[in-house]
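Spelled out from the first residue to the last, the chains are:
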Amino acid sequence: MASRLLLQNLSKRHLLRSTFASRSASTLVLAEHEGGSIKAQSLSAVVAANSLSQDNPVSLLLAGSGSSLHQAAEKAATCHPSISQVLVADSEKFAYPLAEPWAKLIQLVQLKGDYSHVIATSDSFGKNILPRAAALLDVSPVTDVVDINGPRQFIRPIYAGNALCTVRYTGANPCMLTVRSTSFPVRPISVDSKSGGASISEVDLSTLDEDSVGKSRFMKLSSQDTGRPDLGSAKIVVTGGRALKSAENFKMIEKLAEKLGAAVGATRAAVDAGFVPNDLQVGQTGKIVAPELYMAFGVSGAIQHLAGMKDSKIIVAVNKDSDAPIFQVADYGLVGDLFEVIPELLEKLPEKK
Amino acid sequence: MKIMVAVKRVVDYAVKIRIKPDKSGVETQNVNMSMNPFCEIALEEALKIKESGLAKEVVAVTMGPSNCVDTLRTGLAMGADRGIHVEAARDLVPLSVAKVLKKLVEVENPGLLILGKQAIDDDCNQTGQMIAALLGWPQGTFASKVVLDKEKQVATVDREVDGGLETLCLDLPAVITTDLRLNQPRYATLPNIMKAKSKPIKRYTPEELNVEIKSGLEVVQVTEPPKRKAGVILSSVDELIDKLKNEAHVI
Numbered sequence: 001m002a003s004r005l006l007l008q009n010l011s012k013r014h015l016l017r018s019t020f021a022s023r024s025a026s027t028l029v030l031a032e033h034e035g036g037s038i039k040a041q042s043l044s045a046v047v048a049a050n051s052l053s054q055d056n057p058v059s060l061l062l063a064g065s066g067s068s069l070h071q072a073a074e075k076a077a078t079c080h081p082s083i084s085q086v087l088v089a090d091s092e093k094f095a096y097p098l099a100e101p102w103a104k105l106i107q108l109v110q111l112k113g114d115y116s117h118v119i120a121t122s123d124s125f126g127k128n129i130l131p132r133a134a135a136l137l138d139v140s141p142v143t144d145v146v147d148i149n150g151p152r153q154f155i156r157p158i159y160a161g162n163a164l165c166t167v168r169y170t171g172a173n174p175c176m177l178t179v180r181s182t183s184f185p186v187r188p189i190s191v192d193s194k195s196g197g198a199s200i201s202e203v204d205l206s207t208l209d210e211d212s213v214g215k216s217r218f219m220k221l222s223s224q225d226t227g228r229p230d231l232g233s234a235k236i237v238v239t240g241g242r243a244l245k246s247a248e249n250f251k252m253i254e255k256l257a258e259k260l261g262a263a264v265g266a267t268r269a270a271v272d273a274g275f276v277p278n279d280l281q282v283g284q285t286g287k288i289v290a291p292e293l294y295m296a297f298g299v300s301g302a303i304q305h306l307a308g309m310k311d312s313k314i315i316v317a318v319n320k321d322s323d324a325p326i327f328q329v330a331d332y333g334l335v336g337d338l339f340e341v342i343p344e345l346l347e348k349l350p351e352k353k
Numbered sequence: 001m002k003i004m005v006a007v008k009r010v011v012d013y014a015v016k017i018r019i020k021p022d023k024s025g026v027e028t029q030n031v032n033m034s035m036n037p038f039c040e041i042a043l044e045e046a047l048k049i050k051e052s053g054l055a056k057e058v059v060a061v062t063m064g065p066s067n068c069v070d071t072l073r074t075g076l077a078m079g080a081d082r083g084i085h086v087e088a089a090r091d092l093v094p095l096s097v098a099k100v101l102k103k104l105v106e107v108e109n110p111g112l113l114i115l116g117k118q119a120i121d122d123d124c125n126q127t128g129q130m131i132a133a134l135l136g137w138p139q140g141t142f143a144s145k146v147v148l149d150k151e152k153q154v155a156t157v158d159r160e161v162d163g164g165l166e167t168l169c170l171d172l173p174a175v176i177t178t179d180l181r182l183n184q185p186r187y188a189t190l191p192n193i194m195k196a197k198s199k200p201i202k203r204y205t206p207e208e209l210n211v212e213i214k215s216g217l218e219v220v221q222v223t224e225p226p227k228r229k230a231g232v233i234l235s236s237v238d239e240l241i242d243k244l245k246n247e248a249h250v251i
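In order, the protein sequences belong to chains Z and P. Each step along the first sequence adds one to the number in the working numbering, with nothing skipped, and position 272 is 272. Each step along the second sequence adds one to the number in the working numbering, with nothing skipped, and position 157 is 157.
So here's chain P without its partners, still in its complex pose:
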């Protein structure tokens, strides 16, 4: 079986973001970028499945401008066998990403598709669900545990839902999106980073894949969230109780 993993290049999670003065978006020039943390978890899970002998190949896919290849190389250094880069000039909405992925699935025929549950830049949490719908495959979103049964061609997935943990059984092929607790992604070692440089990356454009890129959404403006009024540092528990009771009236 082949596993396809979608990875996204985003502003590093530790960066304190700045909003552009013209309010058109968030500053991404000269900002530290890295692989979306949930995508790292997705890739780690695919590699683990391969290492347990249940998959033969792990293909990492990314979409966006040419510098997204860096993210793909990181994925190859972690252990993905090869990469696919779909060159797109601007940010794609999840529906477009899902449509491109569908075409790639038709070319590559993977038995499992793993994505992160959300990208930490747009916080959408949509792509995995949308690609599953387009393919007519079952979905296991917010996965915190994945067990494959090769004989029966099913995946048992524990999902993190509001009320606790839900267990589903999915027929393969399926789409799985990863939650934080699924695994601890590995670091790329120096020899592997060197090796990754010679691993193949195939390039496509959306036109070559015959996908029409439409957005349906227009960003009007991006603004700072309202700042909270500066608080006060109190000196004792008595003062705290008094403030909560008599000033804030919350207890």
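Chain Z with its partners taken away, still in its complex shape:
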């Protein structure tokens, strides 16, 4: 079934391409890969592409160098039925996510492929690269889209999520978007592996404009490998604020997260006080999360923090101050001392399966 659909799609595309100079809709998705697989967030961009229009073949652009790139390309080719093509750019220039060569690459691929849309996820990777590529193509991008109302109408939060703005794109092709991955959840899809999936082709880099490439160099990445689930995609997030008082006390939050199989988040106050590294910050300027369960301990609930978590399904707040604004968004509130509540939770919570 899937293979027949795929064939239908392919022939339709072929027809369109030969009949019209430009196709009605076709999307280029900028994907990230790691350790030989494409990242889960990148699939959210494919899901977003699907809601642009019915007939919308998706080309996935993967860049990097070496065998893990080609491994990721092969996996990507069979991971989602609407991916019709995987474009692979293999060069040392793409070994690190530097904006300069990557933006040039998008420009190159767009000029060849004439896509109607170019999509990336609005993580630090997409936000760094996509606007640069948009300026090279002389179009205005739309940041952090949370909903799509047709091929050229989008909804995005402004003012730290305190207002939702519906915008219509009236500019030239391509329409460039970064999408919030938590707003386009990926449902498990079974792809008929026998169909062979999408075609994989190498991008011809001989015409890659060298102009601004080489003016930046990657030095190092210092990351914290905690073994806990990724904050951006975790089902449960346990967050601590300033009230934890010290890095030592913050370990209680980590213990609780471990027990629940959850990711750990923090407020800006907790990061600034040095309790945890900054990549755990949730909020307007940190990460935006929307887990099934968000538990906030000692978090007052400033608008900048709420911007990053108020789309969570269930919010639990534990705070000594019954007037804390966090209680206005919490589904379940507990007014109490977190130094008593957390140990009790640790003791009484059921073991995770």
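Read the hints as simulated data drawn from the structure, not as lab findings. Misleading hints may appear alongside valid ones.
With a straight-line cut-off of 20 Å between C-alpha atoms, the simulated EDC-like cross-links for lysine to aspartate or glutamate are [said to hold, decoys possible]:
no.	chain 1	residue 1	chain 2	residue 2
1	P	K102	P	E57
2	P	K243	Z	E344
3	Z	K348	P	E239
4	P	K20	P	E151
5	Z	K220	P	D149
6	Z	K313	Z	D230
7	P	K202	P	E87
8	Z	K259	P	D238
9	Z	K215	P	E151
10	P	K245	Z	E292
11	P	K243	Z	E347
12	Z	K348	P	E247
13	P	K245	Z	E258
Following the hints, position chain P against chain Z.
Frame of chain Z; chain P shown alone:
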């Protein structure tokens, strides 16, 4: 070296915003406005670089209606040497801002351009990347540490990325956008506020700079985000565990 800093006038971060009844936008009349927090950080960094002897002059730039001059004066009071105001009637999209900035860079020839990573009103996070592209300069976005090497003409920038901290080395001239943790902006002192009144501000219009202002985007409507249903206050940990297990089914 000269450093150019772009600053934006926005609704103060502490203001609880109101949406206009006709849904055309957010109410900005009679609302407390101030310099975008990330722009303050950008300006602070430029001033620090100047104070360390690595730059001679800091030029603050803003775009928008005439009242944006207030923001420029704040920047001058913090320590910027002079200001440039590009008078534009309506809100400019980041691409237009980047095009205007490009023209100003051609006039002023700065060795470094520093911007905030995003404005807290439109939350776009685009302008710095776009101006870097138009100039063909390297970019260091979301910077939490900047070290300049005058001899080698490079900037080493620590960037806040999703996985942690990334360090890049950029050839100058370059564009840097600032993250919250880069520094703690200074307050303008009263004598400096007085002094700022006599510092020069140059005015341009987009037409004078030969920039065509097009948007490519049209705001259809601005609405309230959906309100969350009122929650309940529980009395004990046991009750909380019970609710999470049997009502919300999340653990």
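Hints, verified against the model:
no., hint, verdict
1, P:K102 with P:E57, "18 Å, holds"
2, P:K243 with Z:E344, "16 Å, holds"
3, Z:K348 with P:E239, "11 Å, holds"
4, P:K20 with P:E151, "53 Å, violated"
5, Z:K220 with P:D149, "18 Å, holds"
6, Z:K313 with Z:D230, "18 Å, holds"
7, P:K202 with P:E87, "10 Å, holds"
8, Z:K259 with P:D238, "17 Å, holds"
9, Z:K215 with P:E151, "16 Å, holds"
10, P:K245 with Z:E292, "13 Å, holds"
11, P:K243 with Z:E347, "17 Å, holds"
12, Z:K348 with P:E247, "17 Å, holds"
13, P:K245 with Z:E258, "18 Å, holds"
When the structure is compared with the earlier hints, a violation turns up for hint 4 alone.
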